[in-house]
Amino acid sequence: MRVFSPVIVTPSGAAPAVRKHSPMRRLAFSLAAFPSLAARLLACAWVFAPAAAFAAAPAAKLEFNRDVRPILSENCFHCHGQDANHREGRLRLDDAANATLDRGGYAVIVPGQPDDSELIARLISTDEEDRMPPAKSNKHLTAEQIETLRRWIAEGAEYQSHWAFSPPQRAPLPEVRTASWPRAPIDRFVLARLEREGLSPRPEAAPAAWLRRVSFDLVGLPPSPADRAAFLADVDRRGEAAYGAAVDRLLASPHFGESLALDWLDAARYADSHGFNNDSTRTMWRWRDWVIEAFNRNLPYNTFVTEQLAGDLLPSPTLEQRIATGFGRNHVINSEGGIIDEEYRVEYVADRVRTLSTAWLGLTFECARCHDHKFDPISQRDYFSLFAFLNNVPEFGEDGRVANAVPMIPAPTTAQQIAFADQERRLAELEAAVGRARASLPPRSAATDRTLRSLLAQAGATVGHLGPDLLPARTASSPPGITGPAWRTAPDVPLDAVPSVPPEALNFAGKQGLSVSFWIRPDTDNPRDVPLLSAMDYSGSKDDTTFGRGSEVRLIDGEIELRLSERYPTYALIARTKEARLHAGDWRHVTVTYAGGRRAAGVRIFVDGHERATEVFHDGLPAEHGRKPYRLGADNAPGGARWRGSLDSLRSVPRALDAAEVRQRFLAEALPLALASAAGGAPEGAPVEAWRSEGLLLARADSRAAVEAHDQVWGEHLALHRAVPTTMVMVELPQPRQAYVLTRGAYDARAEPVGPGVPEALLAPWPAGAPRNRLGLAQWLTQPNHPLTSRVVVNRFWTQLFGTGIVKTLEDFGYQSEWPSHPELLDWLARNFVDGGWDVKALFRGIVLSATYRQSSSASPEAFARDPENRLLARGPRLRLPAELLRDQALAVSGLLTPAIGGPSVFPYQPEKLYAGLVVGADYPGTKWEQSQGPDLHRRSLYTFWKRTVPHPAMLTFDAPDREFCTVRRSRTNTPLQALTLWNETGYVEAARQLGARLLREAGPSDEARVAYGFVLATGREPDATERGVLARAFARFRAEFAAQPGEARALLAVGDTPADPSLDPAEFAAAATVAGMILNLDETLTKN
Amino acid sequence: MSCHRYESLHTRRDFLAKTGLGLGTAALAQLLGRDAFAALPTAPSPLTGGLPGLPHFAPTAKRVICLFQSGGPSHLDLFDDKPVLRQRFNEDLPDSVRRGQRITGMVASQSRLAVQPSRFAFQPGGRSGTMISDLLPYTRGIVDDICLVRSMHTEAINHDPAITFFQSGSQQPGRPSMGAWIDYGLGRLSDNLPSFVVFVSVNKKAAGQGLLSRLWGSGFLPSRHQGVQFRGAGEPVLYLGDAPGISRERRRLFLDGVAELNRHHLEASGDPEIETRIAQYEMAYRMQRSVPDLMDLSGESAATLGSYGPDVNEPGSFARNCLLARRLAERGVRFVQLYHRDWDHHGSLNDRLPDLARDVDQASAALVKDLKQRGMLDETLVIWGGEFGRTPYAQGEASLEKYGRDHHGRAFSLWMAGGGIKSGITHGSTDDFGFNVAEKPVHIHDLQATILHCLGIDHTRLTFRFQGRQYRLTDVHGEVVQPLLV
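Top line first, the protein sequences correspond to chains A and B.
In case it helps, the working numbering puts the first sequence at residues 1 to 1089.
In case it helps, the working numbering puts the second sequence at residues 1090 to 1575.
Excised from the complex, chain A in its bound form (with noise of 0.2 Å):
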């Protein structure tokens, strides 16, 4: 669901392509052309040119950079400008001395010396064979351009490297005529540019009209009229330090970081699915939060950037800092059967490549993927050096088809780390408790035995239903085992040769689940990782689609290890013991449940009938895949390794066994060998003094209570264990992958080999000392002189607040990047930015209780008119909120919102059936829209499921990217579908009428106070005269209708979950409703002002 183009061009959304360099002369021109039309327009007062804002004043000298870098780098560097691979007649129009060479006799520029010039001489040639550039290249420059750059020549032809490219430096504050107007330092820089255009800033807005706007721009959310008022009385009472108190309220709140994190998701990516096709759910809100919790903390920036580039690679990293680097695994990962992983893996590689370029750099360094960039001095080579930093991950190209990805860890929340924190002491103390018991218990005695033979009856009476052993028979040398002779692997045996157990004996793929138990003894020798019983193909290729399917169960380093596969090991669930310790030598006896349904949580692994702790190595399990036989101690893996030693009694059962049951099962097993005598022989590995007092304990009843007492928080922490969200990080292969320039930038067209590097000649020095992996790189980029990182973010902060860039093209610093409508301002806020300790807080601080940013947004339409960005800012920000915020606005104001930060995403209003059609056949997570219920269906929208191939549609239509791919810059529509979602979608209409509900039960009892309190909660202010008439006289309408037509009133109170309030009259109601509907409808409202 996308919307359409409306009938209206807007102006932030003009087409930009057609709109360039001088409009005001274009305009000239025009007006020229079509003269009726021209007194037509200049009768409809606000149809005017935009300000010419960033042409020189007429006076002053040309200067490169500014005005005559972007006409050579549109319409000449692509064929001679620093790309060697593709540049003509050897010239360099981007390098002075390749420029002014002396070409025998002439040159293509002579400074001073338009005439003798031939770059001019080709510009204005009539003749098709000499003119440049060249009629194929669709490229021309107005005669306007023209005499730009003939000027330029006559004034010196002087080049300037390019500004972004050199560290920001602090100018002098400018002097301003109207000294009594600035509040602070970057007041200065507006003003003197205001001055020089003959413009005067407009007034202050209103306190209350400030702090609205401030609101929104630091916490995302309306003021209450609690705050409100609060906040007027302080102004009255303290003036101007009351502003000051307003924003360090507004910036300790917990939203600030929500407010912040919004254009950061855009930039990372972050979504709640894969993309791609399939488009499962994958898991990275812990990631999101961290986001939110970073700015919330006031994080330096340079950390921000550092933790989330290279936070794995700081000295003994924080579970925080490892979730933070989930930032370079935000990309859309693939999970379509059959492509070819390492194309795949390649792109996400370059995803990172373009993410930190143009989130971090500002530069569209991936132009640099396939040859030399046209425009900025980077080469394919730079590119890939960049590339090499990013290429470490052991990851795959196809993954994530029903999970996340690996790599990944779990990540426990704030919450769940302070539950195991107290589990874990709780369960010290408890351990201490069975450990004195078991110290008490009585030696062996008649009496013992008697205890122990009562416990075995009753444990044999739980397991007869168990199925039989399902082990190959014993032969004459069989060794003893615990219930009869062991069975012995024959590690030589050709692997056709070697036993198997039928697939139906043991079926993981069965919906009731399964439990399978056995006794084994490792021998010595074995390898650090065996198959015990193995269903699993192991055959053919790694890249094959059905490598890796089926079942197994391993020994690796002394632990138990399920994996149940469709593609190993990206399609499994794949979970081992932790510290189970199963040694050389020891008969142990080992149960595995699952409870069916795929996921790990469903399996459990028991050692001597006690629950063990896993740990999940992969999540991901779309099918089970069990129709094949179980060897036994063997794969088939080429050269796979053979499991050594002893089993004994292999039984299943088709359900999940409980922890009672099991361990009764082990008891009934075990016991019979601890109560046999000494002579009686237990097999050599047999604990049975262990088994003895493990049976004792849990005879009898004290010590039974302090058993029980244990497992039941040992039960709670590993359920905990269970519960914990996993979350994708960055990992860095212990030996890199090489990287290769590759040709045209494709995955299999590996060219020379190259290192780690950054364009250092053009950027800034590789820090000494740095290591050579990410956290050099971000070193690098927060060394405090680093010509971009500072001031791109600050760029991106600024256009937060006033909607527009200081440099406009957030995502290009580079040659083709715009000019800034403020230089000396944006390298101003930079360094100070930088000096003062990346302190983003401070910055937000600074620049909204400027003066600046405390003008009033009306405007005459003149003023509109001649600067429709309010790049020259001469009046404050005025902009439709984004998505989020509306529907934030919204709940809140309606009394809805549910005010918790973070935890997983949720599920808000969403139409029925949106995704029919669309989504793929197959039951994968993410495939159907489950409503939330309850207070999550009215959290903030930030938190609401962001599915990439299917987003929200109230998202899209108010111009949310789909979060494919890194994006700096939403659009900002203004179309017939906002409207309609706006009146008709389930969440707003439910947000009129609880509005409604306000105004009649805590307004005054006029109309007249009921519609100026709801105007006040929605936009901040007072309504006049007449727009409370206008509301007034709608109220009385409406009370009308609905009263004579109940049934239609009825029928709008009953949309939405909420109940409506039944105290209210329905037509009273449904009227106040509809009026609150239109509150919520005013441009006023939808806009930050």
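These are computed hints drawn from the structure, not numbers from a lab.
Think of the CB as a built atom: it goes at the ideal place given N, C-alpha and C, for glycine as much as any other residue.
Hints may be right or wrong, so weigh each one.
[As the list claims (entries may be wrong)] Output of the computed footprint for chain A on chain B, the stretches with three or more beta carbons under 8 Å from beta carbons of chain A:
(1) 1187-1198
(2) 1304-1312
(3) 1323-1336
(4) 1341-1352
[Stated by the list, open to error] Chain A stretches covered by chain B per the calculated footprint, using a threshold of three residues with CB under 8 Å from any CB of chain B:
(5) 271-284
(6) 337-349
(7) 539-553
(8) 813-820
(9) 852-864
(10) 919-925
[Said to hold, decoys possible] Below, computed lysine-lysine pairings styled on DSS-like, alpha-carbon distance capped at 27 Å:
(11) K913(A) <-> K1294(B)
(12) K928(A) <-> K1294(B)
(13) K913(A) <-> K928(A)
(14) K1458(B) <-> K1293(B)
(15) K628(A) <-> K542(A)
(16) K1294(B) <-> K511(A)
(17) K913(A) <-> K1293(B)
With chain A fixed as given, assemble chain B onto it according to the hints.
Frame of chain A, contents of chain B only:
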């Protein structure tokens, strides 16, 4: 409309664009000397948007209807009869044919690639005698009205990148879709309908591959150029219907009040964006009438309805969407994009392909005939095809009964009709196995260049500046396929 009318408006539009200003509808209407709020116009007229200087030359098509068959229909079982496959059933595909070209991971581990003939018969159709499979009898019936291209080829071998490539000219997400480019370039013809409309048909059986809203997205173009999905079931456009209890009169009252307050605020604020909002609210109100009118088929004759086949009575069916596409074309919509899914027949192609063919054959042909009958075919470009074809070797075992085929981008078929495309011809051919293009290859970028050409657009000159460079639908490739043009 004639090209002349395009031009006469262009001078005004150029002028407006060159002022660099967004104009409110009211202001635009004032300049154009007409009332933009007037009732639904019966004849489309170019209204707004679009770039100065476009179209670059006289168009042969005013609009495009793209009947996209998602999943990769088998050219070898539908359009490209290969007797050699029958003769060499179950032999290994010769290396001289494959020439080491890459294949997907789904068949990479097969021990052999066994030649798989079609089990469906082909017959000649029309005066041209073009061979068409028995699965497409209706298409065979219009074969003299279409141009069959048997030499399509693409670069991707998996669905997502291949569909994205077809629709946006790039395998990677992020570029504007074809319809968005056209809306950006040519602007809108309708006052109360979007100019880029998308239908996704609801399959009767399996759903197939997922589709992605990026396929009709605007990429880096302003988001107002996105396609608008019209839905077969439920509300035709999301949020179109007023909330329960809000009658038309109440909505009018609501809107009048909001407009009055917005105008009042405009006086205080001065921001022309407010004027725009007032106008957009009015357009939304008009859409609430015009879209249901569009979807209401009660005015269609029984003969017309019947020609599209019985499915036309099913909301959301491909057949119904075809008829709606014609109705949108009549109302000035420039680009109508239909999607029909589930052509991805890795196995049991023999069972599933006939179902899919039945889903779309009659209605696709009916649409062409219907347009022709109404004199609209000449100015409407119809395109029928998918993102790639299928392999001449079997996925799994070759069989004369039950078989499947893997994705194949090296060669496949697609047809076009109307809008300045020659009719009754076949363009290009494949080798004996249908594996490689033998003659006159048509790349996806060539197809895109040709579509734009029919609309009067030079594909090398429809560009948008993004991240420091000029982007276009065809990247740096694409040649207009001149032999296809009338």
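Run through the hints listed earlier and report the numbers of any the structure violates, in increasing order. none
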